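Protein chains in written order, with the numbering used here: chain A, 1 to 112; chain B, 1001 to 1215.
Calculated from the structure, these hints are not laboratory results.
None of the values given here were measured: they were computed from a predicted structure.
Just so you know, not all the hints are guaranteed correct.
Stated by the list, open to error - Footprint (simulated), chain A over chain B, 3 or more residues, beta carbon under 8 Å:
no., stretch
1, 1028-1039
2, 1097-1103
3, 1201-1212
Stated by the list, open to error - DEER-style ranges, computed between Cβ atoms:
no., chain 1, residue 1, chain 2, residue 2, range
4, B, S1004, A, N25, 56 to 66 Å
5, B, E1006, A, K28, 45 to 55 Å
6, A, G26, B, E1006, 53 to 63 Å
7, A, R81, B, R1160, 29 to 39 Å
8, B, E1080, A, D33, 36 to 46 Å
9, A, I27, B, Y1183, 44 to 54 Å
10, B, E1141, A, G26, 21 to 31 Å
11, B, D1111, A, D68, 13 to 23 Å
12, B, Y1042, A, Y31, 17 to 27 Å
13, B, K1142, A, N25, 43 to 53 Å
Glycine included, every Cβ here is placed at the ideal spot set by N, Cα and C.
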Amino acid sequence: MGYSLRNLAKQVEHQNLFIATKEINGIKLFYNDSDFSRLQQLYLYYLYFYNDLYMDISLKKVSEKVLDNFIREDSYSYYKRQKNPENISKKEENGIHLVFNKNKKNKNKGDK
Amino acid sequence: MIESKELLREEEAQKIAKDLNDNYNLEKAASMIKDNKALFQYKETKYKVRMLNQQDKDELDLFKRKKFGELLQDKNILFEKEIVKLYKERNVADVDEIDGEMKKFWQEIKDLRIKHGKALEDKEPESILKNYDEQITECVEKINGIAYQKSILLENSFERTLEHFIVKMTSWLSLEKMENEQYKRAFGSIEEFLTSDEELITTAVSFSLSINHGV
């Protein structure tokens, strides 16, 4: 199931839907609004995970080769988080965090 | 010439079958994510596995407490710690050493991931990236082997017995079958569920693990 969830969240269609739910009111990912199952939580985690990854690819921080397999994706993600240790709390390291902390430098760059 | 053509056809057919299977799995997963339900048919009966609601969870809690009490009073069921100690005393296995090995490999993976991630960021050549792919895969396979070894050693512990019980109970509580155009609990008791068809049990447990445990 884990692999299926990742492959789904990685797909462009699912990423587009994810972005749409964030930007347009009324579009939902799930039939339920609360009490999310573990399955749904994992799926959300991977949606954020790949959203972050695609962002880095489009900003040319990393090549598309990172998407060749899960090992590369996990390595890059782990490397990124280790590079910015101030954004990781002990609790977050072991749990599923749905909202990735933005690096303070990036936040300043991205702010309009 | 004919043989190689047949081989090609067979390879192509296998690839198509794999793609179909992968697509089927993806579609099934997509459907489960939306509403936390999995619908399937078994021997002309329609079934549904769904997420436990609060009433189910309360029921599960009652069963869990009862089972916990039963297991606690059974002197033949040992806790993991006790089993680990016994294995060591009898020179059968050293579970602490196994844990140490796993920790070592996990650290190796973490170190490799940092180098791998840097190599990806620096857009190193494919040969270097592939080298890291292989090294990490090797470590993961070693950890999986060790983890499997450990799970076999502790299979009959108190903790695992209770865990298995919860998985079975959750599967039973979440399985419904279609009767008179309505879905109702498929089996009246856990015993009925566990003595039903093996294939039905396996399918129900598999879906329940996905929906209720995210596995």
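Consistency of the hints with the structure:
1. 1028-1039: It holds, with 8 qualifying residues against the three required.
2. 1097-1103: Not satisfied, violated; 0 residues make the cut.
3. 1201-1212: holds (count 4)
4. B:S1004 / A:N25: 56 to 66 Å: With Cβ atoms ~59 Å apart, the hint holds.
5. B:E1006 / A:K28: 45 to 55 Å: Since B:E1006 and A:K28 have Cβ atoms about 50 Å apart, the given range 45 to 55 Å holds.
6. A:G26 / B:E1006: 53 to 63 Å: holds (55 Å)
7. A:R81 / B:R1160: 29 to 39 Å: Cβ of A:R81 to Cβ of B:R1160: about 32 Å, so the range 29 to 39 Å holds.
8. B:E1080 / A:D33: 36 to 46 Å: Since B:E1080 and A:D33 have Cβ atoms about 39 Å apart, the given range 36 to 46 Å holds.
9. A:I27 / B:Y1183: 44 to 54 Å: violated (28 Å)
10. B:E1141 / A:G26: 21 to 31 Å: violated (46 Å)
11. B:D1111 / A:D68: 13 to 23 Å: This hint holds: roughly 21 Å between Cβ atoms.
12. B:Y1042 / A:Y31: 17 to 27 Å: holds (25 Å)
13. B:K1142 / A:N25: 43 to 53 Å: Holds, since B:K1142 and A:N25 (Cβ atoms, about 49 Å apart) stay within the stated range.
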